[in-house]
Every structure is written in structure tokens, then in C-alpha cells.
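**Student:** Chain residues, written in single-letter form:
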Amino acid sequence: MKATIPKENLLDYSSRYLRKVFTGFYSLIQGMEITIKYFLNPKTVITQQYPENRDTLEMFERFRGPVSMPHDEKGQNACVACGICEKACPNGSISVLTTKDLSGRKVLGKYVYRMAQCAFCGLCVESCPFDAIVLTRDFELSVYNRNELTWVLNTPQIEQEENAND
Amino acid sequence: MSAETLYPLHNGIGNMVRSLFPESAFIINPIIGLISLVVLVSSLAAVLILLERKVAGHMQLRHGPMRVGYHGILQPLADGVKLIFKEIMQPKGADTFIFYLAPVLPLTATFLVMTIMPFDHHLQLADPSGGVLYIIGVSGLSVLGILLGGWASNNKLSLLGAMRSGAQMISFEVSLALIMLLIVMLSGSASLRGIVLSQEGLIFDWWIFKFPFLGILSFFMYLIASTAELNRTPFDLAEAESELSAGYHTEYSGMGFAMFFFAEFVNMFVSAGLATTLFLGGFHPPLIGISIIDGLLNLLPGFVWFFGKTFFIVFVYMWFRWTFPRVRIDQLMSLEWKMLLPLNLLLLTLGAVFMMLGWAG
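Going line by line, the protein sequences match chains P and F.
Counting in our numbering, the final residue of the first sequence is number 166, and the numbers go up one at a time with none missing.
Counting in our numbering, the final residue of the second sequence is number 1361, and the numbers go up one at a time with none missing.
Hints are computed from structural coordinates only; laboratory data are not their basis.
Please note that the accuracy of each hint is not assured.
In silico EDC-like links for lysine to aspartate or glutamate, alpha-carbon gap of 20 angstroms or less [to be verified]: (1) P:Lys-43 to P:Glu-33; (2) F:Lys-1338 to P:Glu-8; (3) F:Lys-1338 to P:Asp-101; (4) F:Lys-1338 to F:Glu-1173; (5) P:Lys-74 to P:Asp-101; (6) P:Lys-37 to F:Glu-1173; (7) P:Lys-43 to P:Glu-58; (8) P:Lys-87 to P:Asp-131; (9) P:Lys-20 to F:Asp-1330; (10) P:Lys-100 to P:Glu-86; (11) P:Lys-110 to P:Glu-86; (12) P:Lys-87 to P:Glu-126.
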């Protein structure tokens, strides 16, 4: 036996009908208010006119670009060549090549970063105990030759000495 | 003093031609009129396409076209060149004659309606005394074009879009015709010029305000019904990109597509122009009864007011399109047959009652 729907009387039906019409119009007006606000304020536009504004274009704060190693004014970096970043990297895009200084201590020789393999996940930066590396906000990364994507991030010792002599 | 003596239907250029070539003026004048109409329609299409894209962009936090010319002003030109040089392709199994005939029909309908559009006192190609009837009859051609295009494409999506569009346009034409009938009944004239002249005077003499409360209601109903008639969002079931790829013009390329596209955009202008004519006082300036302001408003010629009001309505159509989500086909049909049509009949009855009581104008 099918359940019968109790019949609405005319008053209920018409009040429901009118309420439907008015709530419908109200919600449409709300939507139109939002779009006209966007239309009347051209400053809300978020599209960048990229090649024209490349001088002033700033990537947003949380953008993940290639890894770089900041150097202070003496040309020193904070890296101790512990190799934690190398282990943290899921793609094997970092190689920390060590060398020994005059006192026989293990120091950083070359910090090799292969941008072509990098997924910009930022795990290396998170894992670094000395905050020696950061993610930059560069995004124009195309080159003509694949070899140009393998970077040495630290300033080599020889150059440092040259800088010190200057 | 009758309206005919106040505003004679002759204009300067026509009189000049008549005085220079008295014998052949009856050929030269219509040719000049038709050429100016073609120029007007093609430039309107370009302006409206650019306007639509800019409005769409800014409503969606984008810029719209920005590359060709200053802020993309020359974009319609680039589009036109692209469409002219595109190859016209015909799907396998398509009905050749109907396939090439279909895009012409909506454009023809648009041109035919534009001929009787009252742009100004002296800017109207023809003024048949049954102008409203003529509009209702002629605008049926665009439905025919869409149906034939969908049928001849030999594509199930095109056919579905065309059938939906046919059902939708035929249903909404009923309410549109009833609203026009209401205005014809109130103004006592079926010629568009007569309807405009019946709204002469202050802003409160326009039919939207002159017919107490119900004028605004019927104006909104006209907006809804004409949006559906134009196949624009929220009633764009005929195209419905997400469901039917592009509906009835899926298989058209190059100029065939361009003609459908032109007709769609100029039809928008035609609908807005009719809304202006029927409700917003046509080419009359919005006088408010203060003599200094009215003198300033009267300085502008009538076609400026006509185009201003029309472009405002066009902007409202665009505003609808980029705000509202698409309705389902059953919602569309229930909107027409359960809401608009009963309300229209009620309005028509109330209009007659108001006229009997002498409240309407």
C-alpha cells in the first residue's frame, strides 16, 4: 500500500509558493551584489599582466621556488655539511660533497643542487637544523641546456679567499 | 496637435535625397537606410562581444582581453579576422543546404527586428502599425534557424541542444507576447513609435512607473522571459557547455559560427531595445520635473538616451549571465508554465481593471 501524501490546503500552498519566490529572489540579489562589487572595484582583479610587470612582480610569501643558501656579508654560510638535507630529499636532488680543512675537520666543499630533479617540497629546508638553506621565490627557471640546472649553492672556499683579499 | 505633426517622420538626409533625386528617392533612401543598419549591426556585434568579455572578466576577478590595443579594444577585429580565415567544415552526413541555410536565419530575424527599432524621433526605418505583432512573428525565425542548425549537423549533441532551445524559446515566447500585449493594451498602440510616444513626459510617465506597482513587476518578468528567449545563462540550456559541448553550433566553424554568434549578441541588443521601448520610455530623456535639470537632459539627442538605456539593460543581461548558475530543464519549464504564465494572465486582467478604473495613465 502506497503512503498517500496529505493534501495541502490552498493557503499553505500559496504561502509556500510566495515564500519560495521571495527567498529565491533574495538569494539571486545576494549573488548579484557580490559580482557588481567585483565589477566596480577593478583593484580586486588578481590576474597579473606577467611579461609587462616582471620588474615589480613579487611572488607570494609561501611560494616554493628553488633552494638557495644565504651567505652573510663575509661570504660565510651556516652549513656544517651534516647531510641531513641530502637524506631528507625524496628525489636525490641534493648532494653534500665534503672536504677537510687545515685542522682535519670535515667542512662543506660543494653543495650540489640539481634543480631539474627538485619537486620543491621543502623537506630539506624543514629538516635543516641550522637554517642554512631557504626556498627562494624565483619562478623564471627555463634554460636552454639541461646542464645549467645543476647548481652549486655555496660560494667555494677559493672564491671566498679572493673576496677576502678584495 | 497630434504626434505626427509634432515629430514628422522625415529626417535631414532623406529630405536631401528627395530634393536632389525626386524620381529615384524611393530606391535610394531605403538603400541608405539598409546600409546604415548593416553598419550598425556589425559594429554593435563587435562592441557587445568586447563588452561581454570585459564584464565577464571583471566579475570573475580577471581583466578580460588586454593584449590587442589599449585594454583589448581591438580584440573584436582580431576575432573577426580569425573567423574569416578559418576553414568552414561540414560534418559527414550533414544536410548541406540546410546546414548552410541555418546560420543565416537568426541573423535575418535580428535584421528584420532592427528595421523597426525606434532609435530616435527620426531614426526608424519603418513603423508598421502592427509593430509588436511583427516582432513576435519575425523573432520565430531565430528558433527555426537554431532547430535547423541542430538537425542538419548530424550530431546528437547539436540535436539535443536545438530541441531544448526550441522548447524553451517557444514556451517563453508566450509570456513575452503576453507582456507586450499588456503594454499594447495600456498604450493603445501596437506600433513601437506609438508606444514610445505614449510615454512622453516625466520619468513617471514611463510604463514601468506609470502603471502602478505592476509596471515594475511586468518589467522584471520581461527581463526573465527575454533572458530565456535569448538562450543566455541562467537559461542557456541550448548551449550548456558542460553538458552538450556547445549545443546547436557544435559543428559550425568559421563564418557559420560567426553568424550564430552575431545573431546571439545583436539579439541581446534587440531585446534590451524592446525593453527600453516598452518600459523605459524609448528615446525620451528621464525628466524629473525640475526645469533646470530637465533643460540639461533635453540637450542630449534622443538616440543617446535610447542607447544609454539599452546598454544598461544589456549590462543587466551580462550581470545575470556571470552571476547565476544554470537551471535544470524541468525548473525552466515550471518557471514558465507555473509562475510566469499565470502571473502574466493575472497582470493582463489587472491591467484591464486598472484601465477601467482609470488608474493606468
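**Student:** Could you run down the list of hints and mark each one as holding or not?
**Tutor:** Cross-check of the supplied hints:
Under the criterion of a C-alpha separation no larger than 20 angstroms, the hint pairing Lys-43 (chain P) with Glu-33 (chain P) is consistent with the structure, at around 17 angstroms. Taken as a hint, the Lys-1338 (chain F) and Glu-8 (chain P) pair is honoured in the structure, with Cα atoms around 17 angstroms apart against an allowance of 20 angstroms. In summary, the hint linking Lys-1338 (chain F) to Asp-101 (chain P) is not supported, as the alpha carbons are separated by about 89 angstroms, beyond the 20 angstroms threshold. Distance hint between Lys-1338 (chain F) and Glu-1173 (chain F) is fulfilled; the C-alpha atoms sit about 15 angstroms from each other, no more than 20 angstroms.
Under the criterion of a C-alpha separation no larger than 20 angstroms, the hint pairing Lys-74 (chain P) with Asp-101 (chain P) is consistent with the structure, at around 18 angstroms. Straight-line distance between C-alpha atoms of Lys-37 (chain P) and Glu-1173 (chain F) comes to about 33 angstroms, which puts the hinted pair past the 20 angstroms bound. Straight-line distance between C-alpha atoms of Lys-43 (chain P) and Glu-58 (chain P) comes to about 17 angstroms, which keeps the hinted pair within the 20 angstroms bound. With a CA separation close to 16 angstroms, the supplied pair Lys-87 (chain P) and Asp-131 (chain P) stays within the 20 angstroms bound.
At roughly 16 angstroms between alpha-carbon atoms, Lys-20 (chain P) and Asp-1330 (chain F) fall within 20 angstroms of each other, so this suggested pair holds. In summary, the hint linking Lys-100 (chain P) to Glu-86 (chain P) is supported, as the alpha carbons are separated by about 19 angstroms, within the 20 angstroms threshold. About 13 angstroms separates the Cα atoms of Lys-110 (chain P) and Glu-86 (chain P), which keeps this hinted pair within 20 angstroms; it holds. For the hint pairing Lys-87 (chain P) with Glu-126 (chain P), the CA-to-CA distance comes to about 12 angstroms; that is within 20 angstroms, so the pair holds.
In the structure shown, a violation is registered for the earlier hints numbered 3 and 6, in ascending order.
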